[in-house]
Amino acid sequence: MGFEHFWLSGFDQIHTAFWTYLAVGLQNGAVYAMIAVGYTLVYGVLGLINFAHGEVFMCGGFAGVFLTRGILGDRTGTGWGSVGLILAGILIGGLVSALVATGVERVAYRPLRRRHAPKLAFLISAIGASFFIQTLAGKEFGYGVNIFPGQVFEPGKVMFTLFGAQIHTIAVVSIIAAVVMLVVADRIVRATRLGRGIRAVSQDAETSSLMGVNIDRTITITFILGGALAGAAGFLYTLQSGMVQNAGTEIGIYAFTAAVLGGIGNLRGAALGGLFIGLFGSFSVPFAFEGNVQWTEIYTFLILVLVLIVRPTGILGEKSGRTA
Amino acid sequence: MKLRLNKAVVATSVGALLVAGVPLAGLASTSSAASAKATYTIGVEGPFSGSDANYGDYIYGGVQLAINAANASGMYKFTLKPEKFDDQGSSSLSPAAAQKATGTKNLVAVVGPAFSGASEAAAPYYLKAHVAEVSASATAVALASGSDSNFMRTIADDSVQGKADADYLVKVKDVKNLLVLSDSSFYGDGLAKVVAADATAMGVTVTTGDIPNVNTGGGGTTTEYGPAATGIATADPAAIFYGGYSPDFGLLLSALSSAGYTASAHVIMSGDGSNSPALITSTSPASAANGVYLSEGAAGKVNFLTGKLATEYYKLTKIKASVAEYAAQAYDATDAIIAALAKTSAPKSVSTMLRKEVVANLHKVNFKGITGTIAFAGDGDLRNDTGTSAISEVENGTITFLVNEG
Chain D
1 MGFEHFWLSG FDQIHTAFWT YLAVGLQNGA VYAMIAVGYT LVYGVLGLIN
51 FAHGEVFMCG GFAGVFLTRG ILGDRTGTGW GSVGLILAGI LIGGLVSALV
101 ATGVERVAYR PLRRRHAPKL AFLISAIGAS FFIQTLAGKE FGYGVNIFPG
151 QVFEPGKVMF TLFGAQIHTI AVVSIIAAVV MLVVADRIVR ATRLGRGIRA
201 VSQDAETSSL MGVNIDRTIT ITFILGGALA GAAGFLYTLQ SGMVQNAGTE
251 IGIYAFTAAV LGGIGNLRGA ALGGLFIGLF GSFSVPFAFE GNVQWTEIYT
301 FLILVLVLIV RPTGILGEKS GRTA
Chain P
325 MKLRLNKAVV ATSVGALLVA GVPLAGLAST SSAASAKATY TIGVEGPFSG
375 SDANYGDYIY GGVQLAINAA NASGMYKFTL KPEKFDDQGS SSLSPAAAQK
425 ATGTKNLVAV VGPAFSGASE AAAPYYLKAH VAEVSASATA VALASGSDSN
475 FMRTIADDSV QGKADADYLV KVKDVKNLLV LSDSSFYGDG LAKVVAADAT
525 AMGVTVTTGD IPNVNTGGGG TTTEYGPAAT GIATADPAAI FYGGYSPDFG
575 LLLSALSSAG YTASAHVIMS GDGSNSPALI TSTSPASAAN GVYLSEGAAG
625 KVNFLTGKLA TEYYKLTKIK ASVAEYAAQA YDATDAIIAA LAKTSAPKSV
675 STMLRKEVVA NLHKVNFKGI TGTIAFAGDG DLRNDTGTSA ISEVENGTIT
725 FLVNEG
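If you're matching them up, the sequences are chains D and P in order. Everything in the first sequence is counted per the working numbering, starting at 1 for the first residue and increasing by one. Everything in the second sequence is counted per the working numbering, starting at 325 for the first residue and increasing by one.
Honestly, the hints are just simulated from the structure, not real lab data. Treat the hints with care, since some could be wrong.
[Unchecked claim] Computed from the model, here is a short list of chain P residues facing chain D with C-beta under 10 Å:
{"id": "1", "residue": "S373"}
{"id": "2", "residue": "D376"}
{"id": "3", "residue": "A377"}
{"id": "4", "residue": "G527"}
{"id": "5", "residue": "T531"}
{"id": "6", "residue": "P536"}
{"id": "7", "residue": "T547"}
{"id": "8", "residue": "G555"}
{"id": "9", "residue": "Y569"}
{"id": "10", "residue": "S578"}
{"id": "11", "residue": "A579"}
{"id": "12", "residue": "A602"}
{"id": "13", "residue": "T607"}
{"id": "14", "residue": "S608"}
{"id": "15", "residue": "P609"}
Ideal Cβ positions, reconstructed from N, Cα and C, are used throughout, including at glycine.
With these hints in hand, go ahead and build the complete structure from the sequences.
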């Protein structure tokens, strides 16, 4: 705006509120990481970016919102009730998003795959699915109408104080839930027969098919897994920000960036990229030029470009870039 | 039986027609007079889809109401109909909406554009086509610069609102240290600058920041509000003024509340872009909006449709008039266009000459509207633009009018 910006000098800010910035950054990073895994898994098996994945996340968020609003009404959850509501929100969010992701795969991708359509057709189909879901949500829930879930726990509830910084329940819940789900997803991909199928299709779909892997089934399961994580993230995200029909687009871009930064096709890379972007976005706020928060986006994408220049396959990406 | 009855009806009708030759001729002439009435379109440019579609609906309802009243009055040599031109409140979409409007057959003038940024982007197209734009809601000061005689508005601009807001913060709330935040939109930035400049002139220590909006194409991201709120809570200014719209202000209030910065312990204020019940539902917990001050620039004291008009508005739109921001100003804007049209010869078809005449006549209208006296200065602002800003406070989830400031 042309006036002296209000922020304390960047380092003073971080010195004063390091742990708060850390908690907020991890909270955002947890959400990005869970969505980024979906992008990276689908890229692994299909070799393309699912541009409707942001909307998959949005659908899960709305499901959790309406579930908790339906159960709680105007009341506020307490104690074990809060825990149950969070688990229910994650479960329903994950379930609905898994269904939506499966639908997207069946309608927008599978017919094209069967016809050996060019990559560009997949891209357009994905963008079409994204617009369709977003517009449908806008029609149903209102355009730009941010809907919050029921009060799952007391608003602004502080769980503990860390070096003087108040760490809110919402941040702790988001981080723990994300870590648990990402570890589970990692184990599924790395240590189960199902995961072996996903990794096999990622490396060579045709050969894995000859070796007895059911390609259609593997791809569907990949969409379910990625969708479920995005839906759970959607619900966790609503606890802080509510849900609006276009949230998937803006958050999706960050999550996609996280996946690329971590090494597209690499599950652990996607999680790492998500956490990095969340933390970097938080800690760069005090350094925003003229107090304009949008500079944090410039810094983030600048880092992305620099990383890709030095390491084109991303932080943990390998040569093929498809190593889920 | 049925056939015979029909034959009887036909015979009777034919007889009646023959006997009633003269009245029939009269009927014919009346009918031809009715069809001789010109039908004009009044366009409404604003957001009818996208994140701010509610504002477009509010305004369109006000236009419909005024048009229905004019058509029903039988006073005019023309019939009017409204038509929507959707720009989603976006400056990138408004040029296309404006071109569609100006290319519409028999369109005489436009109520709108609704948003300031969209108005700025659309202005050259309306100017070129000589189509008058009477906005009910675009308040950015720079819009009425005097170089565009086609632009007018039935709402006080942000210099009035911003000054009144700064006055209220400094003189009534005794604020000495103010953080002025902008959502980086044409509207929000303009209003924030006025508040910052006026407060600075009154000796207040003013610092500024920008948190780009998420919901009006500002390119911001919801996850930016958490870290930004942390920064604000750490700096701990005594008061905040936010220039922007309710969905984004709600997100900011939610994040500030989480960061421990609340309206109960500080002074938090915003302008007309946030002065909507949508702010309460956009804030979580809703109680985080309690104690927030909201303003709205107005030519007079009436900002919403009331009484019989409010009842008719609800029947027409199913929207409660008490939440329909800018509907009253849209009603007055439409009445101004109708008054300007009434002074023309009302030709059957719309020509550039008629559009020019409407622009010229609009600059001469002077009538008592429902929001106050509607008469435009040369730059398009209301002549009594030195009006007031209505200050309200959110009390227990309800926006309650406090005082007219300024």
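Okay, the hints, checked on the actual structure:
no. : hint : in the structure
1   : S373 : holds, 6 Å
2   : D376 : holds, 6 Å
3   : A377 : holds, 5 Å
4   : G527 : violated, 15 Å
5   : T531 : holds, 3 Å
6   : P536 : holds, 4 Å
7   : T547 : holds, 4 Å
8   : G555 : holds, 5 Å
9   : Y569 : holds, 9 Å
10  : S578 : holds, 7 Å
11  : A579 : holds, 8 Å
12  : A602 : holds, 7 Å
13  : T607 : holds, 8 Å
14  : S608 : holds, 4 Å
15  : P609 : holds, 4 Å
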